[in-house]
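A.B. asks: Now for the letters of each chain:
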Amino acid sequence: MSTEKLLARLSVMLGELLGDDSLQLTMDTIRSEVDGWDSFNYINFIVAVEMEYGVKFSIAEVEAFSNVGEIVTALQTLIDSK
Amino acid sequence: MQPRKLCANFSATKEQAALKSSPDSLDFSTRLKALRQCDDPQEAAAELRRLAHLDLEYLQVIQLARAFDDAVTALPLVRLAIVSSCTVDHLTAGIRVAGLRHDLDIRLWCGQFGQYRQEVLGPSEALKSFAPDFVLFSMHADHLCAGIPVDIGAAQAGQRIDQRVGELAAVWQAARREFGAAVIAQTCLNTSEPLFGNYDRMVSGSPYRLAQLLNDALTDQARKDGVGLLDVARQCARDGLAAWYDHARWLQAKMNISPTASLGFGELLSRHIGAARGTARKCLVLDLDNTLWGGVIGDDGVEGICIGEGSAAGEAFLGLQRYAKSLQQRGIILAVCSKNEDANARAPFSEHPDMHLSLDDFAVFVANWNDKAANLEDIAERLNLGLDSFVFVDDNPAERARVRESLPMVAVPELPLDPAGYVACLANQGYFEAVAFTADDQARSAQYAANAQRGLLAQSLTSHDDYLRSLDMRLRYGAITPVDLVRSTQLIGKTNQFNTTTIRYSAEQISAFIEDKTTMTLQCRLADRFGDNGLVSAMILTRDNRDKKTFVIAIWVMSCRVFGRQLEQEMMNIAVKQARDRGVRFLVGLYSPTAKNAVIRSLYSDFGFELEPASTDSSDGQQRWRMRLDDYRPISTHIAHEE
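So the sequence lines, in the order shown, correspond to chains B and S. Each residue of the first sequence is one higher than the last, beginning at 242 in my numbering. Each residue of the second sequence is one higher than the last, beginning at 44 in my numbering.
Check before you lean on any hint, since a few could be wrong.
As the list claims (entries may be wrong) - Dumping the calculated DSS-like pairs for lysine-lysine here, alpha-carbon to alpha-carbon at most 30 Å:
| no. | chain 1 | residue 1 | chain 2 | residue 2 |
| --- | --- | --- | --- | --- |
| 1 | B | LYS323 | S | LYS297 |
| 2 | S | LYS297 | B | LYS297 |
| 3 | B | LYS323 | B | LYS297 |
I should point out that these hints are in silico values taken from the structure, not numbers from a laboratory. From a predicted model like this one, the values you see are computed outputs, not experimental measurements.
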C-alpha cells in the first residue's frame, strides 16, 4: 500500500476519532499540532490503526513515534511483512 | 495480533438483520450527519438506538458516543461512577453505546488510576456533586493480591484474601453511605501467566490460584453486602483472555480492560443496570414447529417430528426445551404462540414420550392461524404483562420480521439456521438478567399456572363478585422485616404498572426505612384456593416533615398477578387503621405518572383522596393526593385476614 494511501486513510481515521471531518495529516505532522490529540487519544488512535490493519506495533515504537511519518513507515513495514 | 472485531458474542443480531433487509439503509457516517440535524428527541433516540445495534467498529463506537453526547434524547438517565485501581476512562464510549441498546442514557464519572480509596473516603467533591446512582468498583487482581508470597499455606492464603476483600468492602460500604448509591463489584480478570503450569491450581499462593480465591471472596462479600456483581471474569473465560486483556495497553496506559472490550464491558454493565431498574425480560414466548421440535406437526404427525435423544437434531431441539424449562424454574414465564390447529399443537406434549416440556409448563398456550403479533398482544393481556417484557423465539424469519415491525418492544433474537445454535443465541443476548433469586421466583410458574385456572373459574362464574368470593382469599400482612427485604426490594425494583412513584429504592434504603421509627412499612402476602401468591404488595409511608399528623405514601407497589382482587382496598383499610392507631390524621398519596403506570391513574381519587394544587417545587409532574382519615370508611372485600 502506498504512503499516500496510508496517510489519507489515517487522516480520515484520526478525523473520526477527534470529530474533525477536514483533518489532513502530513508525514511531518506532530501530535501537539492537532487539537485534541492528547495521550489518551494517541492510544485510542494506535488501537484503531492496529485493528484496521490487523497489525501490532511494539511498545517501544509507540513510545518513540515523533511524527506521523514514522507511524506510516512502521505501519508499512508491518503490512509488508504480514 | 489484535482482534479485528469487537466482542463478537455481543453482536446484536436483532436490529442488524432488520437493517440489512432495509433497502435504503445509508452508511454509518451519513446517518451520523443526519442525526445532527434531528431535533425530535424521540426520533433521535430511536436512530441512535438503531445505530448502537449495528456491528460497530472501534472508531464507530467513539463517534456514536460523541453523537449521543451532542443529542437530546429524553432517555432515562443513569449516573454511574467508576472507581478503580486502573485506568478506566477508555471504557466510557463503549458503556454509553451499550447503554443505548438498553434505552439508557448512562452518564459517567471516571475515577483516576488507582485513586478509588481517596475518591470515596475523601470523599472527592467532584464525585459527591456528580451524585452517582451506581458506583462500580473495577479492580485488577494484582492490586488486591500484591505481596502475598507464593509459598503461603492454604489457610493463610484464604485469610489474606479475605482481609484484602474486607478492606475493599469497607470502601464500597462507605460509597453507599456517602453517596446513597447502589454498589457494583466487578470480578477481576485472571491475567496471570502460568508459574507452575498445570500445577498452578494446586498451589494456594500461585498468582492464578490467588485470583480465583479473590473472585470467590469478592462474590461472597458482595452477596453478604447486597452489592451487585459484574462478572467480567466469567465473560472473559468464555471469550478468551485476548478479547479482554492486552498487556501492551496495561504497560502503555494501565488499562486492565482492553479498549477493544469496552463495548462488551458496557453491555454486561447495561444488562445489570437494566435488571436493577426492572427492565429485564420476564416472559419467553416460543414457536413450536422447527423451534421446539423438528418438522411440522400438522404434516408429519406426532410420530414424524424430530425430538429427543438418539439423533443430533432431536437432541438440539431437546436442548432448547431443557433451557426453557430451566428458565421457567428460575421464574421466567413460558408461553406458546404457534400457527397450528390447537389439537395438533398440543398432541406432542401429551403423546410424544421424548418431550421435555409439558403443557403445564406454559402459562398461556395459543395455537391458531391468526397473525402472531396479534396473538402476542393477546398473550400479554392474558398474563397482565407488558410486551416489552417479552422475548419471542421463532425459527421463521418472516414471522420474526413481522413481529419486529409491528411490535418493536418485543425482543426477537435472530435464531441461526442450525438448531444446534438455538440455546446459545437465546442465552447470550442477556434478556433475562437477574439481580436476585428469591423463593418467589421459584414459585412463580406455579402461581401463573394457578392464575390461568383462576381465569377459567372466572369465566364459569357469572359475576366478578361471585368469582372473588369463590377464591377464598387469605391475607397475611405486617411491617417489612429483614426477611422480607430481598423480595420487597425486588418487587419495588421490577414493578412498573402498579407503582405509584417508580422510585427504585435499594435494599439499603429500605433497611433504613425499617429502622426509622417515624416510618411505617406494610407488606402483604395473598393466598387463595389455588395457591400462595407470596409477597405481592409493599407500601412505605414516611412522616411529613412539616406536619407530624400527616403521613406520605412514598411508594406503593403491587404485583400485576393480583390486580382486580380487591387487594388495594384491603391494604388501604389496613394502612388507614394503622395510621389512625399512631394518631395520624392525614394521608398523602404521591403519584408520578409514567408510560406504564396509567392503570393506577385514579387509585387515590377512587379512595376519596383529593388532588392538591401543584406546588412550585414539583416540576417533575408528581401529583400529591390528600385524604383526611376521619373521612375514610373501610371498604368491604372478600379477603380474610390470616395469622
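A.B. asks: Does each hint fit the structure? Answer for all of them.
C.D. replies: Okay, the hints, checked on the actual structure:
1. LYS323(B) with LYS297(S): 29 Å, holds
2. LYS297(S) with LYS297(B): 18 Å, holds
3. LYS323(B) with LYS297(B): Cα-Cα ~11 Å, so holds.
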